[in-house]
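Given the structure of chain A, go ahead and fit chain B onto it with the hints provided.
There are 2 protein chains.
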Amino acid sequence: MQTDLVAALDIGGTKIAGGLVDGRGTILVRAQRPTPAQEDGDTVMRAVEEVIGELAASPLWGRARAIGIGSAGPVDASAGTVSPVNVPGWRGFPLVERVRAAAGDLPVTLIGDGVAITAAEHWQGAARGHDNALCMVVSTGVGGGLVLDGRLRPGPTGNAGHIGHISVDLDGDPCPCGSRGCVERLASGPNIARRALENGWRPGPDGDDSAVAVAAAARAGDPVAVASFERAAQALAAAIASAASLMEIDIAVIGGGVGTAGEVLFGPLRKILDEYATLSFVRRLTVVPARMGTDAGLVGAAAAVLAGGAAAAGV
Amino acid sequence: MQTDLVAALDIGGTKIAGGLVDGRGTILVRAQRPTPAQEDGDTVMRAVEEVIGELAASPLWGRARAIGIGSAGPVDASAGTVSPVNVPGWRGFPLVERVRAAAGDLPVTLIGDGVAITAAEHWQGAARGHDNALCMVVSTGVGGGLVLDGRLRPGPTGNAGHIGHISVDLDGDPCPCGSRGCVERLASGPNIARRALENGWRPGPDGDDSAVAVAAAARAGDPVAVASFERAAQALAAAIASAASLMEIDIAVIGGGVGTAGEVLFGPLRKILDEYATLSFVRRLTVVPARMGTDAGLVGAAAAVLAGGAAAAGV
Chain A
1 MQTDLVAALD
11 IGGTKIAGGL
21 VDGRGTILVR
31 AQRPTPAQED
41 GDTVMRAVEE
51 VIGELAASPL
61 WGRARAIGIG
71 SAGPVDASAG
81 TVSPVNVPGW
91 RGFPLVERVR
101 AAAGDLPVTL
111 IGDGVAITAA
121 EHWQGAARGH
131 DNALCMVVST
141 GVGGGLVLDG
151 RLRPGPTGNA
161 GHIGHISVDL
171 DGDPCPCGSR
181 GCVERLASGP
191 NIARRALENG
201 WRPGPDGDDS
211 AVAVAAAARA
221 GDPVAVASFE
231 RAAQALAAAI
241 ASAASLMEID
251 IAVIGGGVGT
261 AGEVLFGPLR
271 KILDEYATLS
281 FVRRLTVVPA
291 RMGTDAGLVG
301 AAAAVLAGGA
311 AAAGV
Chain B
316 MQTDLVAALD
326 IGGTKIAGGL
336 VDGRGTILVR
346 AQRPTPAQED
356 GDTVMRAVEE
366 VIGELAASPL
376 WGRARAIGIG
386 SAGPVDASAG
396 TVSPVNVPGW
406 RGFPLVERVR
416 AAAGDLPVTL
426 IGDGVAITAA
436 EHWQGAARGH
446 DNALCMVVST
456 GVGGGLVLDG
466 RLRPGPTGNA
476 GHIGHISVDL
486 DGDPCPCGSR
496 GCVERLASGP
506 NIARRALENG
516 WRPGPDGDDS
526 AVAVAAAARA
536 GDPVAVASFE
546 RAAQALAAAI
556 ASAASLMEID
566 IAVIGGGVGT
576 AGEVLFGPLR
586 KILDEYATLS
596 FVRRLTVVPA
606 RMGTDAGLVG
616 AAAAVLAGGA
626 AAAGV
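Here the protein sequences line up with chains A and B, keeping their order. If you count the first sequence from 1, position 10 lands on 10 in my numbering, and the numbers rise without skipping. If you count the second sequence from 1, position 164 lands on 479 in my numbering, and the numbers rise without skipping.
Worth flagging that the hints you see were computed from the coordinates, not collected in a lab. Each hint can be trusted.
Cβ-Cβ distance ranges computed for the label pairs, FRET-style:
#	chain 1	residue 1	chain 2	residue 2	range
1	B	GLN347	A	LYS271	42 to 48 Å
2	B	GLY404	A	ALA220	50 to 56 Å
3	B	GLN347	A	GLY178	45 to 51 Å
Even glycine gets a Cβ: it sits at the ideal position worked out from N, Cα and C.
This is chain A alone, in the form it adopts within the complex (with noise of 0.2 Å):
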């Protein structure tokens, strides 16, 4: 498939992607839509044909040879459907049969987002040349994938590396998707910036109360912001750490908007990382920012194409 390009569509609540990529990962032709993400599953579905009706007015449609998808989850990638949790219209939506049909049936393969980034960040990004590896988002939410022996390990549904929902606090707060004590509850943006004001940090005068600025204020000293940021990166040393113990992964590597405050977050993680993980095998664990950019869930989808590493919805 050298010369050959994958078409990749990544789909989010906000906005829906779309690539024209090549066997090097550069993205050769892109269209864009807003995600229609309140209106009915028809609604949302239009905006998709419509970045792939986009991509194949390109002369280079005709060298595409499959389509990659990651959507926000959860995916059923056996199933070939999609209920992302931003998107309402959509539960159990047949995006793979959808999109076949909208592309002159090319085969598709779907994968999770978080499963996609760590596609981009272990072919060309931060977990290059590891073959065990978590890449995890932390932003809104937190999500994830694994390389497992070298290879992209998405699960029979496209949903592995799921690390936001698994609980690090057994008897903790609830969490929205009825655990408790989950990562996301403890380390997602908008929790960190919870906790600061809880504990009385305050914005400032543009009013700013996003994890963006308690991390500003972390920088800068404010005891009660860089208290809500160790919190966060105490949940996240644990989290690793069992993923470690687990499967023997030797880095974790930290995308979305946490994940580029920078020492903020991974001062404290690397040293709480080491109180966490204890055994003889994981004590080479390391933990590193996420390399790819916005781009990731693009590069990642036509990955999981090429290295032919993706769950059963290959269809």
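Chain B in isolation, oriented as in the chain A frame:
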């Protein structure tokens, strides 16, 4: 390798068992020695050599094509060494090299004992037919192993599936491993007994204050004994749900002494698991008792060789 045999070794802190195992998992010849666990490393190795010597004296030895070792951990399959917690004379002990020398240069495969038991349960036990499984041993310690995408997945050093030392309580009690709130600290037999005693349970006239006695008291309705098993079940449930969210396993198999406690454990475990396993793709998760009994270590060490699914120490 249909008509050939595997020489299997199961090395623990109490005994060293050996067997010649055929392609159906039948143990045709057996040998066993107590582990001189407090002696120096060469003395322990001598017991292993005696087991091998007894197997080699069998007329069937000529059909043995390879050796599989399941050893108490930590092991390092990539280096061929073992450092069992309960055998202080072996620290980084070159077990693969020494066994190969003792066994006439047959190829040797080394895995951890939790991985060996997993291989056995997947081959012929409770995980048979499941492509994604976590098998656990819950007794004095808590260990385990993984089957992913239909294959044993020992990890680079042969320790993957080490669920006993994942933290489900990030602010919890210190664990001897150095971390906090580990599953083992909450769910092992000695900790089930300790918690019952701390909360006022008292042993009967025979003085037995083990987890077996706590299980008997729980079956008789003692509320403190019931509560201690429920707390163990909660820790196991949180950990199993985490493993499912991370790896899309669909079954957890529990063996070891605590695993034989029956409904005292499995009743609350199944109920509480529903509270932690909330994501759509983990809802089919089931949890069952192990089936392979005391030969699991030997059969599993043979299975790892036959499946070719073991780590890098096939030398």
